[in-house]
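2 protein chains.
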Amino acid sequence: MEHLSVNEIHRRFEELDGWDMVNDGISKLFEFEDFRKAMEFVNKIAEESEKENHHPDITVSYSKVTLFLVTHSANGLTHKDFKLAKIIDQLV
Amino acid sequence: MEHLSVNEIHRRFEELDGWDMVNDGISKLFEFEDFRKAMEFVNKIAEESEKENHHPDITVSYSKVTLFLVTHSANGLTHKDFKLAKIIDQLV
Chain A
295 MEHLSVNEIH RRFEELDGWD MVNDGISKLF EFEDFRKAME FVNKIAEESE KENHHPDITV
355 SYSKVTLFLV THSANGLTHK DFKLAKIIDQ LV
Chain B
295 MEHLSVNEIH RRFEELDGWD MVNDGISKLF EFEDFRKAME FVNKIAEESE KENHHPDITV
355 SYSKVTLFLV THSANGLTHK DFKLAKIIDQ LV
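Protein chains in written order, with the numbering used here: chain A, 295 to 386; chain B, 295 to 386.
Take these hints with a grain of salt, some might be off.
Heads up, simulated DSBU-like pairs for lysine-lysine below, C-alpha to C-alpha not over 30 Å straight-line [claimed, not checked]:
| id | chain 1 | residue 1 | chain 2 | residue 2 |
| --- | --- | --- | --- | --- |
| 1 | B | K331 | A | K322 |
| 2 | B | K374 | A | K358 |
| 3 | A | K358 | B | K377 |
| 4 | B | K374 | A | K374 |
| 5 | B | K338 | B | K377 |
| 6 | A | K374 | B | K380 |
| 7 | B | K377 | A | K331 |
| 8 | A | K377 | B | K358 |
| 9 | B | K345 | A | K338 |
| 10 | B | K377 | B | K358 |
| 11 | A | K331 | B | K380 |
| 12 | A | K358 | B | K345 |
| 13 | A | K331 | B | K358 |
| 14 | A | K380 | B | K377 |
Hints in this document: simulated from the structure, not taken from any laboratory.
Predicted, not measured: the structure shown is a model, and the values here were computed from it.
All chains, full assembly: derive it from the sequences and hints.
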């Protein structure tokens, strides 16, 4: 799989809310009430990631969850990243 | 709670296996077969963390789980960190 063109990345990125460009990927911070709520979210992400066969890097720091999405095999962003970002945003 | 003395940190650190000193805390990388196994480990850690009321920073990158332990309220390492590190090592 090849990564998307700069124009296509820009177009898809504009459709997202609260995500940032970080290095070659996209990242978003989610904040919850406490660790338990953060972990509930992480487990929902895990389930969807397995379905999509695409996995964000996930960092949990007590009530904060930071996600990072990139397609390593494409050395950049692909449709898989934007698809999973949208799915994740609907989990909150 | 005050952080441990340098001598005490050294003594407790020597008791651990595979942990590194990183900034003011301790860190360890665990590698699993796949994402699912990594998440199983993360959920065990989450359970123990809630029991201990002490939570490591957890980063999941597909099959790799990196943990970071420090006691923020003490600005350094305390008995809580070393206790949880030992508990976590027994979960694998």
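We went through each hint and held it up to the structure:
no.: 1; hint: B/K331 x A/K322; in the structure: holds (24 Å)
no.: 2; hint: B/K374 x A/K358; in the structure: holds (21 Å)
no.: 3; hint: A/K358 x B/K377; in the structure: holds (23 Å)
no.: 4; hint: B/K374 x A/K374; in the structure: violated (40 Å)
no.: 5; hint: B/K338 x B/K377; in the structure: holds (15 Å)
no.: 6; hint: A/K374 x B/K380; in the structure: violated (38 Å)
no.: 7; hint: B/K377 x A/K331; in the structure: holds (24 Å)
no.: 8; hint: A/K377 x B/K358; in the structure: holds (23 Å)
no.: 9; hint: B/K345 x A/K338; in the structure: holds (22 Å)
no.: 10; hint: B/K377 x B/K358; in the structure: holds (22 Å)
no.: 11; hint: A/K331 x B/K380; in the structure: holds (25 Å)
no.: 12; hint: A/K358 x B/K345; in the structure: holds (19 Å)
no.: 13; hint: A/K331 x B/K358; in the structure: holds (22 Å)
no.: 14; hint: A/K380 x B/K377; in the structure: violated (39 Å)
In summary, the structure is inconsistent with hints 4, 6, 14 from the numbered list given earlier, while agreeing with the others.
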